[in-house]
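Asker: Here's the letter readout for the chains.
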Amino acid sequence: MAFAKEAFRNKIEVFFTLFFPLLFLILFGFFFSGSDGFNKPGLGLFQSGEFDIKPIIEETGAWYLVMFDSEEGLQAAVEKGEVLLGVSFDGKNMKYSYQEGDLSQRSTITMAQSSLTAAVEKRLNNARSIITLEKVPETAGRVTATNADYTMSGVIAISLLSAGMFSVISVFGRYRKRGVLKRFKITPVKPLTFVFGSTLTRFMVSFISILLILVASTVLFKTTFDVNWPLFIISIISSTLGMMALGLFLTLIFKNPETADTAASILMVIMIFLAGIYFPIAFLPNYLRVVSSMLPVKYVAELIRHSLGIEVIPLINFIILNVALSLSGILLLYFTGRRYLKAV
Amino acid sequence: MSRMWRFTSGLFKNEIREFQVIFWSLVFPLLLYFILTSVFGGVAGGDPQGISFKIGIVREESLSGFGKILDEVIGGITAQGGPFVETTYDDLDKALDDLKRGRLDIVLVIPKGTNAKMAGSLMLQAGEVPLQVHYVSGKESSGIAANILGEIMNEVNLEIKRRQDTDYLDIVTTNNVVSAQQEKGFDYNEYIFPGVALMMILSVSLFNSPMGLIQYRVSGTNKKLYTTPLKPLEYFSAHFVKLVFTMLISLVLLYTIALTVYRVQGAIFDPLFILSLIFSMLVSVSFGLMIASFAKKLSTATVLGQTLYQVMMFMGGLYFPIFGLPWGIRWLVYLLPTTYLVELSRRIMGYNIAPISMTWLIVVPLIWLVFSISVFALNFRKVMGYE
Numbered sequence: 000m001a002f003a004k005e006a007f008r009n010k011i012e013v014f015f016t017l018f019f020p021l022l023f024l025i026l027f028g029f030f031f032s033g034s035d036g037f038n039k040p041g042l043g044l045f046q047s048g049e050f051d052i053k054p055i056i057e058e059t060g061a062w063y064l065v066m067f068d069s070e071e072g073l074q075a076a077v078e079k080g081e082v083l084l085g086v087s088f089d090g091k092n093m094k095y096s097y098q099e100g101d102l103s104q105r106s107t108i109t110m111a112q113s114s115l116t117a118a119v120e121k122r123l124n125n126a127r128s129i130i131t132l133e134k135v136p137e138t139a140g141r142v143t144a145t146n147a148d149y150t151m152s153g154v155i156a157i158s159l160l161s162a163g164m165f166s167v168i169s170v171f172g173r174y175r176k177r178g179v180l181k182r183f184k185i186t187p188v189k190p191l192t193f194v195f196g197s198t199l200t201r202f203m204v205s206f207i208s209i210l211l212i213l214v215a216s217t218v219l220f221k222t223t224f225d226v227n228w229p230l231f232i233i234s235i236i237s238s239t240l241g242m243m244a245l246g247l248f249l250t251l252i253f254k255n256p257e258t259a260d261t262a263a264s265i266l267m268v269i270m271i272f273l274a275g276i277y278f279p280i281a282f283l284p285n286y287l288r289v290v291s292s293m294l295p296v297k298y299v300a301e302l303i304r305h306s307l308g309i310e311v312i313p314l315i316n317f318i319i320l321n322v323a324l325s326l327s328g329i330l331l332l333y334f335t336g337r338r339y340l341k342a343v
Numbered sequence: 000m001s002r003m004w005r006f007t008s009g010l011f012k013n014e015i016r017e018f019q020v021i022f023w024s025l026v027f028p029l030l031l032y033f034i035l036t037s038v039f040g041g042v043a044g045g046d047p048q049g050i051s052f053k054i055g056i057v058r059e060e061s062l063s064g065f066g067k068i069l070d071e072v073i074g075g076i077t078a079q080g081g082p083f084v085e086t087t088y089d090d091l092d093k094a095l096d097d098l099k100r101g102r103l104d105i106v107l108v109i110p111k112g113t114n115a116k117m118a119g120s121l122m123l124q125a126g127e128v129p130l131q132v133h134y135v136s137g138k139e140s141s142g143i144a145a146n147i148l149g150e151i152m153n154e155v156n157l158e159i160k161r162r163q164d165t166d167y168l169d170i171v172t173t174n175n176v177v178s179a180q181q182e183k184g185f186d187y188n189e190y191i192f193p194g195v196a197l198m199m200i201l202s203v204s205l206f207n208s209p210m211g212l213i214q215y216r217v218s219g220t221n222k223k224l225y226t227t228p229l230k231p232l233e234y235f236s237a238h239f240v241k242l243v244f245t246m247l248i249s250l251v252l253l254y255t256i257a258l259t260v261y262r263v264q265g266a267i268f269d270p271l272f273i274l275s276l277i278f279s280m281l282v283s284v285s286f287g288l289m290i291a292s293f294a295k296k297l298s299t300a301t302v303l304g305q306t307l308y309q310v311m312m313f314m315g316g317l318y319f320p321i322f323g324l325p326w327g328i329r330w331l332v333y334l335l336p337t338t339y340l341v342e343l344s345r346r347i348m349g350y351n352i353a354p355i356s357m358t359w360l361i362v363v364p365l366i367w368l369v370f371s372i373s374v375f376a377l378n379f380r381k382v383m384g385y386e
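Chains as they are written, first to last, in numbering that gives the first Met the number 0: chain A, 0 to 343; chain B, 0 to 386.
Read the hints as simulated data drawn from the structure, not as lab findings.
Any given hint might turn out to be false.
[What the hints assert, rightly or not] List of simulated lysine-lysine pairs, PhoX-like, C-alpha gap at most 25 Å: (1) Lys296(B) with Lys134(A); (2) Lys67(B) with Lys254(A); (3) Lys116(B) with Lys160(B); (4) Lys381(B) with Lys296(B); (5) Lys230(B) with Lys134(A); (6) Lys134(A) with Lys67(B); (7) Lys134(A) with Lys189(A); (8) Lys176(A) with Lys254(A); (9) Lys67(B) with Lys53(B); (10) Lys12(B) with Lys222(B); (11) Lys12(B) with Lys121(A); (12) Lys222(B) with Lys297(A); (13) Lys296(B) with Lys176(A).
Computed from a predicted structure; not experimentally measured.
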């Protein structure tokens with residue numbers, strides 16, 4: 000109870016474990032939830048030739064089409080961001096206008112350029128499709144997932160990383176630096192009771208944070224999770240323990256809690272960008288893909304996706320991952336607790 | 000003057016001795032620059048080299064005759080440097096299993112009868128050759144890979160027609176990148192530079208500055224300082240100079256890496272660009288001083304600083320353009336000074352990302368500057384801790 004009161008009285012800890020992940024959910028949700036979260040992207044069209052390509056664009060159903068009477072008007076609309084892509088067509092030449100630097104829309108623009116040109120060329124030359132490609136969507140889990148589902152499950156994984164890693168740095172690093180551990184040593188409190196009490200509180204805070212994320216992602220981004228609660232709770236417990244192990248490892252390497260905190264922040268940034276949670280691993284250079292495969296949050300995301308019904312991993316993998324994360328956390332908590340409470 | 004200099008020097012040394020300051024102000028911007036250019040450099044620059052998707056191919060019959068055309072296409076797209084890496088499967092179920100487990104991005108199925116259909120379609124000009132591509136719904140990499148394969152097949156169809164029809168009309172396509180100067184093209188390493196620089200400026204302004212002031216106030220250092228002949232205005236001036244020094248050192252490091260490692264030249268050395276960075280420093284520092292005015296405790300300053308830092312960084316468009324966001328959240332984009340500051344620097348470089356006129360790029364941050372300084376001036380005694 001004392002640890003729970005201490006944790007909830009600590010404004011910074013409450014902010015970083017409860018509200019900071021929500022802030023990230025909102026920010027990253029809007030950035031990376033993909034086109035299914037918003038309206039269709041705008042495509043501006045100006046035509047000066049006889050051949051009308053408006054029906055070809057409309058057939059795709061992927062764009063909100065806006066017609067322009069002049070090339071200048073189209074350019075202005077692209078510059079102002081009113082349309083994502085401007086197409087100017089005179090019967091033989093197609094000019095694509097777009098703003099450079101929009102990474103989230105880069106693949107959409109590139110794909111649109113090649114598909115529109117091909118579709119117009121096909122219609123213009125009356126070419127028939129010899130090879131047709133039927134796209135068959137597969138469900139990797141229990142539900143047909145959306146982009147938002149993948150992004151939000153990633154936010155949960157990052158949140159577990161943050162809550163687990165930073166909480167133990169706070170407990171063991173901060174308490175050690177302030178001399179709190181020394182005071183505990185002279186009380187009858189056993190190391191195991193201390194470790195159990197302090198980590199249980201962090202579990203509670205972490206769990207509340209995850210519930211908030213689930214509710215917020217359902218309300219804001221219409222996620223379609225099929226939560227298997229027993230698996231989900233197991234995954235949260237083992238992942239929090241595993242991430243605590245990472246934090247404890249840092250406290251063992253770096254004696255100063257601020258240094259350990261900084262090292263944890265570096266790891267966090269690296270994992271956000273390289274773990275394949277927000278950006279596809281296919282975009283990474285080969286050497287960074289190797290780094291990506293070694294990042295634990297990648298496996299936490301797999302567990303979370305499995306328990307939310309987005310993806311299915313084999314039962315044996317689920318067990319091995321959970322056991323490995325839990326064991327590493329428990330062992331490091333045990334040894335760190337003993338070390339700091341007995342040898343100070 | 001020498002007292003002032005000695006005090007500034009002492010404050011700066013005290014600041015720079017902190018590991019956190021060294022890391023967040025000097026090292027982290029370099030690390031972030033490296034990560035962003037490594038992850039997005041190829042994609043943003045339209046360079047497909049290095050991007051590869053894993054494709055599983057199920058051939059329900061071995062290709063021969065006209066069917067060999069498909070083998071040639073697959074060979075081309077899975078060759079060294081191509082967009083796909085091939086794994087061959089005999090069994091569709093096994094391939095789909097690997098797709099669902101994330102070992103593959105897509106599965107291409109070449110069904111039985113493809114050879115005959117290819118021959119019929121090419122020789123008799125009738126019928127189609129249906130192929131199937133399986134992808135995982137909602138998974139971005141899988142969807143992109145399926146779309147790329149679809150485009151490649153479209154191109155193959157057109158190429159066949161092109162070879163059969165001497166009157167084939169090719170459409171000439173041109174790209175008009177409206178955000179970058181036409182003559183130089185887009186350079187991601189250059190484009191992201193102001194974003195990283197502004198991130199560093201924000202970090203110093205929103206963390207180092209208010210926390211330094213509040214730390215000195217709550218720890219009682221201020222009281223000791225004011226027992227000396229030091230005046231509050233001198234203390235503030237020294238604090239400001241200390242921040243500027245920290246930012247300048249970080250900027251020099253960032254410039255060195257940009258110039259030597261990423262070969263960014265020209266635009267970032269433009270005097271107007273450097274002026275825009277100085278303007279960003281002034282606006283951001285004043286913003287940090289406003290935070291110090293509102294926060295009594297260190298914990299409040301940390302929470303306020305972190306929240307504003309993340310919001311100003313991401314919603315200000317430092318790394319990703321933000322004008323495609325829904326209006327429910329886009330209003331915030333227009334409110335933040337960072338939106339205008341980073342766009343101002345990029346506009347000077349030749350990019351035109353935001354639909355905002357040059358006048359507003361200067362006026363809005365100026366309004367923030369005046370407002371923040373006014374708030375700080377009203378709370379000067381409280382912030383500097385001599386009330």
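Asker: For the pair supplied as a hint, Lys176(A) and Lys254(A), confirm whether the alpha-carbon distance does not exceed 25 Å.
Answerer: 9 Å, holds
Asker: Quickly compare the C-alpha distance for Lys296(B) and Lys176(A) to 25 Å and report which way the hint goes.
Answerer: OK: Lys296(B) and Lys176(A) at ~21 Å, within 25 Å.
Asker: Could you grab the alpha-carbon distance between Lys67(B) and Lys254(A) and see if it respects the 25 Å cut-off?
Answerer: At roughly 65 Å apart (the allowed maximum being 25 Å), Lys254(A) and Lys67(B) break the hint.
Asker: Does Lys222(B) sit within 25 Å of Lys12(B), going by the straight-line distance between their CA atoms?
Answerer: 20 Å, holds
Asker: Regarding the pair Lys134(A) and Lys189(A), is the alpha-carbon distance no greater than 25 Å?
Answerer: 61 Å, violated
Asker: Between the alpha carbons of Lys134(A) and Lys67(B), is the straight-line distance 25 Å or under?
Answerer: The given pair, whose Cα atoms are some 22 Å apart, holds under the 25 Å limit.
Asker: Between the alpha carbons of Lys381(B) and Lys296(B), is the straight-line distance 25 Å or under?
Answerer: Judged against 25 Å, a Cα distance of about 12 Å means the pair holds.
Asker: Take a quick look at whether Lys222(B) and Lys297(A) sit within 25 Å of each other, Cα to Cα.
Answerer: Violated, because 50 Å separates the two Cα atoms, which is more than 25 Å.
Asker: Quick one, are Lys67(B) and Lys53(B) close enough, alpha carbons at most 25 Å?
Answerer: 22 Å, holds
Asker: So if I understand the rule, the pair passes when the alpha-carbon distance is 25 Å or less; does Lys230(B) with Lys134(A) pass?
Answerer: This hinted pair is violated, its Cα atoms lying about 73 Å apart.
Asker: Do the alpha carbons of Lys12(B) and Lys121(A) lie within 25 Å of each other, as the hint requires?
Answerer: 69 Å, violated
Asker: Taking 25 Å as the top limit, are the C-alpha atoms of Lys116(B) and Lys160(B) close enough?
Answerer: It holds: about 16 Å lies between the C-alpha atoms, which stays within 25 Å.
Hint check: violations occur at hints 1, 2, 5, 7, 11, 12; the rest are consistent with the structure.
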